[in-house]
Amino acid sequence: MEAAVANNWQVTARSVSSTTNATEFKQVIEEMDRRQEKRYVIDCEVDRIDTILEQVVTAGKNSHGYHYILVNLGFSNVSMGKVIAGGANISGFQIVNPENPIVQQFKQRWDQLDEREFPEARNAPLKYTSALTHDAILVIAEAFRYLRRQRVDVSRRGSAGDCLANPAVPWSQGIDIERALKTVQLQGMTGNIQFDNYGRRTNYTIEIHEMKKDGPKKRSKIAVYEKMWSYMKSAEPNVFVKTTPDGVARVRKSKGKFAFLLESTMNEYIEQRKPCDTMKVGGNLDSKGYGVATPKGSALRNAVNLAVLKLNEQGLLDKLKNKWWYDKGECGSGGGDSKDKTSALSLSNVAGVFYILVGGLGLAMMVALIEFCYKSRQETKRLKLAKNTQNFKPAPPTNTQNFATYREGYNVYGTESVKI
Numbered sequence: 018m019e020a021a022v023a024n025n026w027q028v029t030a031r032s033v034s035s036t037t038n039a040t041e042f043k044q045v046i047e048e049m050d051r052r053q054e055k056r057y058v059i060d061c062e063v064d065r066i067d068t069i070l071e072q073v074v075t076a077g078k079n080s081h082g083y084h085y086i087l088v089n090l091g092f093s094n095v096s097m098g099k100v101i102a103g104g105a106n107i108s109g110f111q112i113v114n115p116e117n118p119i120v121q122q123f124k125q126r127w128d129q130l131d132e133r134e135f136p137e138a139r140n141a142p143l144k145y146t147s148a149l150t151h152d153a154i155l156v157i158a159e160a161f162r163y164l165r166r167q168r169v170d171v172s173r174r175g176s177a178g179d180c181l182a183n184p185a186v187p188w189s190q191g192i193d194i195e196r197a198l199k200t201v202q203l204q205g206m207t208g209n210i211q212f213d214n215y216g217r218r219t220n221y222t223i224e225i226h227e228m229k230k231d232g233p234k235k236r237s238k239i240a241v242y243e244k245m246w247s248y249m250k251s252a253e254p255n256v257f258v259k260t261t262p263d264g265v266a267r268v269r270k271s272k273g274k275f276a277f278l279l280e281s282t283m284n285e286y287i288e289q290r291k292p293c294d295t296m297k298v299g300g301n302l303d304s305k306g307y308g309v310a311t312p313k314g315s316a317l318r319n320a321v322n323l324a325v326l327k328l329n330e331q332g333l334l335d336k337l338k339n340k341w342w343y344d345k346g347e348c349g350s351g352g353g354d355s356k357d358k359t360s361a362l363s364l365s366n367v368a369g370v371f372y373i374l375v376g377g378l379g380l381a382m383m384v385a386l387i388e389f390c391y392k393s394r395q396e397t398k399r400l401k402l403a404k405n406t407q408n409f410k411p412a413p414p415t416n417t418q419n420f421a422t423y424r425e426g427y428n429v430y431g432t433e434s435v436k437i
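For the sequence shown, the residue numbers in the numbering used here are 18 to 437.
What the hints contain is simulated information worked out from the structure, not anything from laboratory work. Everything numeric in this text was worked out from a predicted model, so none of it was measured. A few of these clues could be false.
Here are the simulated lysine-lysine pairs, BS3-like style, with alpha carbons at most 25 Å apart [to be verified]:
1) Lys274 / Lys297
2) Lys340 / Lys305
3) Lys313 / Lys338
Please model the entire structure based on the sequences and the hints provided.
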């Protein structure tokens with residue numbers, strides 16, 4: 018709400034006391050329709066959201082143009098099959114990453130539970146509230162381990178406090194436990210777990226998901242791809258094409274000024290087709306493999322794995338690919354323009370290096386010549402000054418009267434002086 022006030026957003030807040038009362042929720046929807054508002058922020062737990070979305074479908078408010086944002090942290094726990102079928106846009110948040118190794122390990126142990134003792138173990142999906150509870154227990158256990166290592170006694174030792182004391186008397190060891198909880202930092206099912214000085218969780222990741230017809234899609238932000246997308250979107254003329262053949266044709270007509278992003282398999286195939294005027298630049302953006310499926314528990318699984326590994330280690334798979342993909346292609350093993358562009362380097366390719374070398378030598382010789390001339394001039398001045406000093410003789414006195422009682426004479430060629 019503070020952000021809405023700061024940005025002058027018009028926000029209408031409504032509290033629904035009971036999600037089972039269809040009439041009350043229907044009135045809220047009708048009021049929003051009169052205001053021509055089609056963006057809803059729903060803040061409640063998963064079980065209530067399922068009920069609300071059912072009423073949304075019943076009221077026909079799941080068509081294209083409606084946008085629902087679910088504020089809880091369990092987007093994958095919500096059933097949205099009927100809502101998304103109408104074309105509505107649904108976004109939400111997810112704190113549990115199913116690709117987290119800790120989550121995957123927990124699911125494996127969860128699936129191995131005895132169905133007789135835990136009948137709903139395999140059928141019930143992992144809820145984000147369960148993951149938070151699991152991490153809370155880990156935090157408490159780690160905090161008490163820390164207190165034990167610090168030799169802090171937190172036991173009451175039979176001295177129970179008075180729960181009805183007025184004013185309330187806090188537990189003396191409560192401060193130690195609070196301090197220990199704030200120092201905890203570990204990895205749990207909800208990611209990184211650590212707290213600030215106020216006991217609030219910090220440095221954790223929440224994924225933003227958007228529901229598509231084929232399931233939830235995580236909206237990631239990668240700086241390199243964001244920069245590429247912003248440039249492609251703002252480029253003039255438009256760089257997008259409708260089909261792969263259109264993109265290949267545009268590459269061939271652009272004379273090296275247009276690059277087309279496509280799958281590496283299709284790119285390698287086009288390189289081996291005439292007129293052999295395309296080439297791959299750089300490496301792949303990512304890599305996705307595939308496998309040979311076998312029935313669960315099949316004896317062929319290990320045999321196929323070992324056979325594929327053996328072929329890979331022997332290099333036979335690469336040989337087969339080169340034979341049937343490149344050697345049998347229309348452009349040969351070079352592929353595309355790479356056949357001409359990978360020839361030996363000529364003098365024109367490395368001429369710049371020699372130009373820099375010759376220029377550097379010329380500059381060095383010029384500096385050396387200037388320095389030589391300067392030193393020569395200084396040496397000439399010094400020798401000329403020394404010669405003038407040697408030829409110096411004292412002039413005879415112009416006045417013949419002997420007013421002085423003595424005179425001084427200097428030995429020019431020595432260091433002694435005498436008074437006469």
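Now for the hints, and whether the structure bears them out:
no.: 1; hint: Lys274 / Lys297; in the structure: 14 Å, holds
no.: 2; hint: Lys340 / Lys305; in the structure: 23 Å, holds
no.: 3; hint: Lys313 / Lys338; in the structure: 30 Å, violated
When the structure is compared with the earlier hints, a violation turns up for hint 3 alone.
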